[in-house]
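S.K.: Residue-level listing of the chains:
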Amino acid sequence: MIAATVRSHVQISAQVERPSPLRSGGPISRIKQGLFNNAHNTVLSIIALIALSYAGWHALRWAILDAVWYTHDANLCKQATGACWAIVGEKYRLILFGTFPYDEQWRPFLAIALIMALSIVSGFRRFWSRNLMIAWAALLPTVLVLMLGGVFGLRPTGTHLWGGLPLTLIMAIVTVAFGLPGAILLALGRRSKLPAIKALCIGITEITRGLPLLVVLFMAAIMLPLFLPTTFRIDKFVSAQIAMIIYFAAYAAEIVRGGLQAVPRGQYEAAEAAGLKYGQRMRRVILPQGLRIVIPALMNDIIRAFKNTTFVSILGLYDILGATSAATQDPQWVQFAPEAYLFVFALYFVFCFSMSKYSESLARYLSQGRNY
Amino acid sequence: MDAGVKTRDGRRRKPRAAFTWQALWRSEKARGRFYQVAAVAAVAAAILFMAGNAVQSMAARGMRIGLGFLWNEAGFTLAESVLPFHPTDTFLQAFIAGLGNTLWISLVSLIFATALGVLLGIARLSSNWLISRGSAVYVEIFRNTPQLIQIVFWYTLFTLLPGARQAWHGMDWWFLSNRGLVLAWPADRPAFTIVLLTLAIGLAGIYFFAKWADRRQRRTGQPLPVFGLSILGLAAAGLLAWLATGAPTAIEHPKLVGFNFRGGMALSPEFLALSLGLVLYFAAYISEIVRSGIQSVGKGQIEAGRAVGLHGAELYRHIIMPQALRVIVPPITAQYISLIKTSALGVAVGYPELFNVSNSIMTLSGHTLECVVIMGAVYLLLALSVSALMNAFNKAVALRGAAR
Chain A
1 MIAATVRSHV QISAQVERPS PLRSGGPISR IKQGLFNNAH NTVLSIIALI
51 ALSYAGWHAL RWAILDAVWY THDANLCKQA TGACWAIVGE KYRLILFGTF
101 PYDEQWRPFL AIALIMALSI VSGFRRFWSR NLMIAWAALL PTVLVLMLGG
151 VFGLRPTGTH LWGGLPLTLI MAIVTVAFGL PGAILLALGR RSKLPAIKAL
201 CIGITEITRG LPLLVVLFMA AIMLPLFLPT TFRIDKFVSA QIAMIIYFAA
251 YAAEIVRGGL QAVPRGQYEA AEAAGLKYGQ RMRRVILPQG LRIVIPALMN
301 DIIRAFKNTT FVSILGLYDI LGATSAATQD PQWVQFAPEA YLFVFALYFV
351 FCFSMSKYSE SLARYLSQGR NY
Chain B
1001 MDAGVKTRDG RRRKPRAAFT WQALWRSEKA RGRFYQVAAV AAVAAAILFM
1051 AGNAVQSMAA RGMRIGLGFL WNEAGFTLAE SVLPFHPTDT FLQAFIAGLG
1101 NTLWISLVSL IFATALGVLL GIARLSSNWL ISRGSAVYVE IFRNTPQLIQ
1151 IVFWYTLFTL LPGARQAWHG MDWWFLSNRG LVLAWPADRP AFTIVLLTLA
1201 IGLAGIYFFA KWADRRQRRT GQPLPVFGLS ILGLAAAGLL AWLATGAPTA
1251 IEHPKLVGFN FRGGMALSPE FLALSLGLVL YFAAYISEIV RSGIQSVGKG
1301 QIEAGRAVGL HGAELYRHII MPQALRVIVP PITAQYISLI KTSALGVAVG
1351 YPELFNVSNS IMTLSGHTLE CVVIMGAVYL LLALSVSALM NAFNKAVALR
1401 GAAR
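Protein chains in written order, with this note's numbering: chain A, 1 to 372; chain B, 1001 to 1404.
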């Protein structure tokens, strides 16, 4: 009885509903909340606003208002006070396709279009199926035929002619396609009970991870030709590709190992109790769960591998960075190199940013219904 | 069921089944041995095959393996070097000079990247919308673009700056031109270095002093004004060092002589581009680590800290930082190692660090194989020693058992 009266008393006094302290109103109050909620923040905001508007105004004038957007005459650019985006229009064939024969550039263009289309399709979860895997498996030979030529009446174009965006994309995709299985093998080997195999996998992983990528690339470029029979000629692209795969596999192996460790012990034991062989245990029970956990981390590594393809330009390959550096050697346009680099910068940003945002949403999707 | 044969001493022994290959294969131990032997044999065969090829192709090219070349005269100059290096020095000294440059640029970049990263990480958590958004935008831009393009971009910007005669400058304190940045610097360099070193040691000392003060407060209940005392102590140490080195006050201002600057502290465009590229890129990663570390501290911890009357810097020092550091240190170690390794990108802008110098040595001496191996071994050692150092630090900040 007493409790009931007390409760009713409390309810009466709490009848007046107060607005939530946060996000109480329209944009003005939100600005107030976010920028001017106390003296300390107000000062910070004012300083930041002044700096931003000063920098923003100059950036706007340089990049848009005073910029030259399209011309074939470098002198027009030199007279302007703003950016010279015309260099992108002037050199885009060289930047995007490198030294690929001009008349044949529809082939790399088609290759890029195919890769991008399939990548975008793969982004939608409703298309995830065995057919998609088959499509990816079919894509690689198609792209190789397009790029290498020599069959179906296409002019042969060796890897020494490859360049620009197709080189970058192919290198990234092949790195992941071969590096990921390698990483899984290394990770499984490292968790193996057999000491010799364990030591071997630890050695490969740790030595590769302790070296800079540039050193691995150089080792491949210099030592592979030495270590292979003299009759076997290995070209620059292939040796760089091998180095990229090994480097990616070593880093991804540690991530995969983390995933394998995160699978509860009971799963291992249950799989063993069910009488499955090692291969079956891993393929059917452990790996599907372990890989699921580390897919977001693997995406980060894939993004890094994509960014790292620029390193091959130091070996003298014309990836998109190497091609841009070559394109800006033109003495007429040399002073507008920053604009060309900014263009490549933006290109990479679009690719990597969308991949990282996608991996975030994937992480949310994959962690649904998991309690470990 | 007769499970065994009775032996003379009365123990039962399993009957020895007839040997079959299937039975051997069914035994896990035997299979494991077989796999291991096969793996080792395959690796050994691959190594033998490659070594055989190497010997053959090197004989064909007239190359000889050996480290004797390290004592030959280098005969090339380095554009800049922290350690003194002359063309008459040996290849070995060139390696050491390259390593010195790698360490120097890594150290400088590491310090600035950490400072900027911590600042950005805290800014990301600011309640001020502009500041936190600004930090987020910075992180997204620098993490999602290749580092090499960033470094090449900065270098291109430096090469496009006006020449030395039209240098941008602030009075005669700093000059920025396509020759890099030249700063006014204390004339007595050794003295200045000693003062700086004293201050650095003092900073490390403050850490131990603060720990001691904490222990003392726990024992006696008396708080010490740690912050004020630290500042005072640091100032006193700096002053003492300055007085001990003869209290030099002369400042050396850079002067334009011909087409270049004399005097002052000169930072080359190569150094600036590489360190800028390293600092801005790794600061973005470090800021994310710092942010997640701070966020990992439970909300209850912060509220409890407020409840006992801590606020602002005290809250950070006593509640947030000790707990956040446990989360922060291991991934930041990986970033430091990564930073040292990526300093090899100096080769793209011509900064003479280890990788770049090794390349020069390779082409000049012709001993490619040895150079690659030496270079790789040095990088491996560097990575290992940094991780050992940071592991020691990690042990110091990690949770010590449940008793504490």
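No lab work stands behind these hints, which were simulated from the structure alone. These figures come from a predicted structure and were not determined experimentally. By construction, the Cβ of each residue, glycine as well, lies at the ideal position given by its N, Cα and C atoms. Please note: incorrect hints may appear among the correct ones.
As the list claims (entries may be wrong) - Each computed BS3-like pair below joins lysine-lysine, with the alpha-carbon atoms no more than 30 Å apart:
1. B:Lys1029 - A:Lys193
2. B:Lys1255 - B:Lys1395
3. A:Lys32 - B:Lys1211
4. B:Lys1395 - B:Lys1299
Said to hold, decoys possible - Here are some chain A residues the structure puts well away from chain B; computed CB gaps all over 12 Å:
5. Arg61
6. Ala63
7. Lys193
8. Arg209
9. Leu211
10. Glu269
11. Ala271
12. Gln289
13. Gln335
14. Ala340
15. Ala346
S.K.: Would you mind marking each hint as holding or not holding in the structure?
M.R.: Tested hints:
no. : hint                  : verdict
1   : B:Lys1029 - A:Lys193  : holds (10 Å)
2   : B:Lys1255 - B:Lys1395 : violated (50 Å)
3   : A:Lys32 - B:Lys1211   : violated (41 Å)
4   : B:Lys1395 - B:Lys1299 : holds (25 Å)
5   : Arg61                 : holds (18 Å)
6   : Ala63                 : holds (15 Å)
7   : Lys193                : violated (7 Å)
8   : Arg209                : violated (8 Å)
9   : Leu211                : violated (5 Å)
10  : Glu269                : holds (16 Å)
11  : Ala271                : holds (15 Å)
12  : Gln289                : holds (24 Å)
13  : Gln335                : violated (6 Å)
14  : Ala340                : violated (9 Å)
15  : Ala346                : violated (9 Å)
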